[in-house]
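Visitor: Sequence:
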Amino acid sequence: MSGGLRTSTDKDTGVAVVTLDRPERLNAVDLALAAELAGAWRGFRFDDSVRAVVLTGAGGRAFCTGIDRSAAVPQPGSPYMMDDPLLTAGPKANDLWKPVIAAVAGMACGGAFYLLGEADFVIADETATFFDPHTTYGMVSAYESVHMVQRMPYGEAARTALMGTAERLSARRAYEIGLVSELTPPGEALAAAVRCAAVIASYPAEAVQGTVRALWSAREAANAHAFAQAPHLIALGNQPPRRQAELFAARRPDGFRLR
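Residue numbering for the sequence shown follows the working numbering, starting at 1 and increasing by one per position.
None of these hints come from the bench; they were simulated from the model. In this text, all values refer to a predicted model and were calculated from it rather than measured experimentally. Built from N, CA and C at the ideal position, the CB exists for glycine as well. Only true hints are included.
Once the Cα atoms are required to be at most 16 Å apart in a straight line, the calculated EDC-like pairs of lysine to aspartate or glutamate come out as:
(1) Lys92 <-> Glu220
(2) Lys11 <-> Asp48
(3) Lys11 <-> Asp47
Distance windows between CB atoms, simulated:
(4) Ala207 <-> Pro240: 48 to 58 Å
(5) Arg259 <-> Gly60: 20 to 30 Å
(6) Thr7 <-> Pro186: 19 to 29 Å
(7) Glu246 <-> Arg213: 38 to 48 Å
(8) Arg195 <-> Pro240: 41 to 51 Å
(9) Ala35 <-> Arg159: 32 to 42 Å
The whole structure should be built from the sequences, with the hints applied where relevant.
Guide: Take a look at the structure:
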């Protein structure tokens, strides 16, 4: 694919690797990349040679830093409707029930949690850090928090969402609390994820996909109820865009605690 997404498939193992390829933007997602992601997931539904997928980010500095702040997202002129391009960028949102493993190096923050929330499990190397900047910049962490509270103990999800940019969750801490299932030396998360994907892809596809669907069914009812509240909470709690931009411009580089 062109643009900000690279895909490759090993026909022998049945494993596809999807790479967010905007390292100059820390793999932030613009509207074109969001559309490419949705297209890739939907394409895999029809490709029986792909039996497991690994999602990663290029460049090593970041897995993904969420929505690109330079992206202009048109919104309906109604308080009852809101468009969020990341809501349709994940595999489950596109009805893909093949297993997806996230391989994380560097920063994963904000809107990256949409993608991590729809991965089946996460492997990270020791450079990985996780944080949610929304509150710092005057925004409600809604969809991100819903995803993370199902992958982390409630108190850890709440602390991550509420502390904003003041703290980053280390790879070690993320592993200790279960957000990350395997911790690798720097640069080895992708290889570890591909190894896991190859094992899973070697099993009968129907059994694997049924298991993915069963696992997700335990979460989707809670997600649906929580997501229904999210647009109203965002509309009520978000600062105006100009104020958000002021808060973002005033950020302090490296002014965070790693825990």
